[in-house]
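Colleague: Given next are the chains, with one letter for each unit.
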Amino acid sequence: MFKLEAIDVNVYYGDKHAIKNVSMAIPRNSVVALIGPSGCGKSTFLRLFNRMNDLIEGIRIEGKVLLDGIDIYSKDIDPVEVRKRVGMVFQKPTPFPKSIFENVAYGLRINNVKNERYIKEQVEKALHQAALWEEVHKDLKKSALALSGGQQQRLCIARALAVEPSVLLMDEPTSALDPISTAKIEQLIGQLKNNYTIVIVTHNMHQAGRVSDKTGFFNMGVLVEYENTKKIFTHPSHRETENYITGRFG
Amino acid sequence: MHNDTLQRNYLYQRIVFLILKVVTIFVVGVLFFVLFYIFSKGIGTVLRGSFWIEIPKDGLSGGGILPAIVGTTLLTLLSILLSSAVGIPAGIFMAEYAPKKSILKVLVDIMTNNLAGIPSIVFGLFGMSLFVIQLNFGDSILAGSLTLAIMVLPVIIRTTEQAVKAVPDELRLASIGMGATKFQTIWRIILPVSFPRIITGIILSIGRVAGETAPILFTVAALYLPQLPRSIFDQVMALPYHLYVLCVSSPDPQKSLPQAFGTALVLLLMVLVLNLIATYIRNQYKRKYKLK
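Just so you know, the protein sequences line up as chains A and B, in that order. The opening residue of the first sequence carries number 1 in my numbering; numbering runs sequentially from there. The opening residue of the second sequence carries number 1001 in my numbering; numbering runs sequentially from there.
For the record, the hints were derived by calculation from the structure and aren't laboratory data. Any given hint might turn out to be false.
Stated by the list, open to error - DSSO-like mimics (lysine-lysine), calculated; alpha carbons at most 27 Å apart, straight line:
no.: 1; chain 1: B; residue 1: Lys1286; chain 2: A; residue 2: Lys138
no.: 2; chain 1: A; residue 1: Lys92; chain 2: B; residue 2: Lys1182
no.: 3; chain 1: A; residue 1: Lys92; chain 2: B; residue 2: Lys1165
no.: 4; chain 1: B; residue 1: Lys1288; chain 2: A; residue 2: Lys142
no.: 5; chain 1: A; residue 1: Lys125; chain 2: B; residue 2: Lys1288
no.: 6; chain 1: B; residue 1: Lys1165; chain 2: B; residue 2: Lys1182
no.: 7; chain 1: B; residue 1: Lys1165; chain 2: A; residue 2: Lys120
Claimed, not checked - Computed far set for chain A versus chain B, every beta-carbon distance over 10 Å:
no.: 8; residue: Thr94
no.: 9; residue: Asn111
no.: 10; residue: Lys125
no.: 11; residue: Glu134
To be verified - Covered, in the sense of this in silico footprint (three residues per stretch, anywhere, with C-beta under 8 Å from a C-beta of chain B), are these stretches of chain A:
no.: 12; segment: 2-13
no.: 13; segment: 25-37
For glycine and all other residues, C-beta sits at the position ideal for the given N, C-alpha and C.
My request is simple: use the sequences and hints to build the entire structure.
Modeller: And the structure:
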């Protein structure tokens, strides 16, 4: 069974047909990169997996999206529960105006976890996983807003990991960061793969090449090609994909 | 030729800046003159310790203004408490829950826009007929505070709404993305972030509430009451009304003029101190979380 599976998905914003009949299966413990020009629908597609699109007024979603074989759009599923299992990291780092510790503990607090020792353990574990512990373990009580951009983004990753989701969605997680921070996060993705299934939207072709096992190329709401990353970057089957990857458009 | 134009433009720019500077200095100067005038006229009275702790004496031309200080303090605190208790949740509802074009939202929008422009004496009349007479609270701290609270309610609702709207959407999405409910997001993220701006609305309201005379005229203010209130159903003296009384209807307005300036200065100081306290809380909070 696949970890995530989209089956014949269509998304409309009002009159705009944003995702056109897309199907995609994502294996467990793999990294899938979604690439394509701006406005191609890759971010919209990413947000189907944790029902973040629900928040947009006038959106209509058709088709099935399976998480561990269960349709997360079926009527008896609470989107809040979906988001607890499918963590998300955004383009801009979004630390909450709280201490570093409370940022990472946030997911546990909203789940009404009261055991402070358990919370402490989870926070420490998540910060280790996000490769941030060494840098912040002396300043856990300080405001998260005092961290650098790259640290803030790793904090957001730690925050998502603390509730132990099984999937991590990343929407251009390094586009606001400097090259060193970017390298750190890419390295992190490689490590997290062992325990999580990761879907990452990126504008950076090299990043897709470096971090992902499979790559999906979107254009104008259509999933043009979805293949092993190696193949897509060396022998793309479609002319469109080749043009985009070699920088001839997009 | 080209150089001439450059020089001319530069000169022109300097003249404009100079004019702006002079106008600004003039405005600030007027403000400082008013403050200085009140200060110099009132400081003698205020420095007399008994002015703070005695009741008015000698046909209002002597003694102190303790009952008015206590009265205005109570009215200000109680009315701010009441209007915040209603206005902050209403502001949050307007910003987060009310659908954009719902009738309720449009009505509250119209209300908050227009109530803010209604002369305060109208609120006084309303407070008298509703709280004093209809609800039978009598002339009382309760009736006066409720009237003042209604007067500043639009300000509190509006500033809260704007404070909540100013919270970046990224934070909302990040919280929702963590599996938080909307209420959890508001309670744990949005309110703490918008808190400093909400305090700003409260600061504005403090100044307004403490200084208004008309809304308390028919609802609570006593001309002369040589004792402190025992419950919220008692009348009190209040600084702005006492000032009015001293200037207009004291037995000998000339003789009570120093008392009037003293009262004005105390009122100014009180508003200043309350504002400073609120600003301090706001800044401490901002510093703690490194908010902008």
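Colleague: Next step is simple, just say for each hint if it's right about the structure.
Modeller: Structure-based check of each hint:
no.: 1; hint: Lys1286(B) / Lys138(A); result: holds, 22 Å
no.: 2; hint: Lys92(A) / Lys1182(B); result: holds, 21 Å
no.: 3; hint: Lys92(A) / Lys1165(B); result: holds, 19 Å
no.: 4; hint: Lys1288(B) / Lys142(A); result: holds, 8 Å
no.: 5; hint: Lys125(A) / Lys1288(B); result: holds, 26 Å
no.: 6; hint: Lys1165(B) / Lys1182(B); result: holds, 14 Å
no.: 7; hint: Lys1165(B) / Lys120(A); result: violated, 33 Å
no.: 8; hint: Thr94; result: violated, 4 Å
no.: 9; hint: Asn111; result: violated, 7 Å
no.: 10; hint: Lys125; result: holds, 17 Å
no.: 11; hint: Glu134; result: holds, 22 Å
no.: 12; hint: 2-13; result: violated (count 0)
no.: 13; hint: 25-37; result: violated (count 0)
Checked against the numbered hints above, the structure violates hints 7, 8, 9, 12 and 13; every other hint is satisfied.
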